[in-house]
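These protein sequences, in sequence, are chains A and B.
For the first sequence, numbering that gives the first Met the number 0 gives the first residue as 0, with consecutive numbering after it.
For the second sequence, numbering that gives the first Met the number 0 gives the first residue as 0, with consecutive numbering after it.
Hints are computed from structural coordinates only; laboratory data are not their basis.
All clues given are correct.
Sample of chain B residues with no beta-carbon within 10 Å of chain A, all distances over it, derived: (1) 6; (2) 11; (3) 17; (4) 22; (5) 36; (6) 78; (7) 113; (8) 120; (9) 122; (10) 209; (11) 215; (12) 221; (13) 228; (14) 236.
Dumping the calculated BS3-like pairs for lysine-lysine here, alpha-carbon to alpha-carbon at most 30 Å: (15) B:72 x B:21; (16) A:35 x A:59; (17) A:35 x B:72; (18) A:14 x A:35; (19) A:59 x A:14; (20) B:72 x A:59.
Even for Gly, the Cβ is constructed at its ideal location relative to N, Cα and C.
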Amino acid sequence: MTVYPRREILDPQGKAIRDALTRVGFPGVDDVRAGKSFEISLGTGDPQAAESQLREMCEKLLANTVVEDYSVELLGSSVESLGTDGIRP
Amino acid sequence: MKCGVVVFPGSNCDHDVYHVWKHVLHQEAAFLWHQDDSLQGCELIVLPGGFAYGDYLRAGALAALSPVMGAVKRHAEAGGLVLGICNGFQVLLETGLLPGAMRRNENLRFQCLDVHLKTERTDLPFTGRLAQGQVLRLPIAHAEGNYEDSPERLDALEAGGQVVFRYCEPDGRVTPESNPNGAARNIAGIANAAGNVLGLMPHPERASEAVLGNTDGLALFESLVEAGARHLESVGARQ
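This is chain A alone, in the form it adopts within the complex (with noise of 0.2 Å):
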């Protein structure tokens, strides 16, 4: 899952990062909004079941949705396809 700042919603954090790009010399970018991701292993093997509890999970903890939005992957049998550090290669 992805959380991060609603676009009507000035990101003190990502308009800092995008004037810090620029200086580094990518003058190009419009718009920065820095937000979260949260990888969740569920044993349910029915994404649609999935989805419904990770958008749950999403409206009553994960985003605060009055400043947040929030957006759901499913990347199927997710332990598989990690790292043995847990990160994804």
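Given the coordinates of chain A, work out where chain B should sit on it, guided by the hints.
Coordinates of chain B only, in the frame set by chain A:
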């Protein structure tokens, strides 16, 4: 009036509030542990400043789900008094007892300084000892005090008279320069529609004794003592 000060792991202004209530104002006070769901008969609940649960995920997000907050929510919904200071204000927002949300300060800095506040409501149990438009000088110390909500909801907040304190100049003018964190419409403190729940970013408990060089915050706690006494009188009159 008995005041319960909630203690979360990471609270750091709990003892300051307890001290003001018990030793400066000589009222009954108790600490309430975040894992308990009893409010020990307290009539006023204070959610103090600090970094509850380390501010993990978002400031106030995990504290809002702690057992004590279930009891605080019921207390507030029954008309009981709740005051959230700084991190306590963030917890009230995450609990949904107050509308809106906090973002990182606009300049991305932890802001630790004295600010001036304009009093916009004097008819609340928290502000009875203040005058309309009175300017208070109080310290702030936070990284996430940049209050935000949708324009429609901000309009509703204003229309309902729920903005209680706004950042201002020493002479009371509300200007962009006097806003220390980018908060929408210079909002520093708000109440719920019923007026029994107040959240504010500045720290009145750090400015309630002459020895600390500032007593501007004491009026808030004195207002609550007075409101408690009035409540007891009205109960006595009914009996």
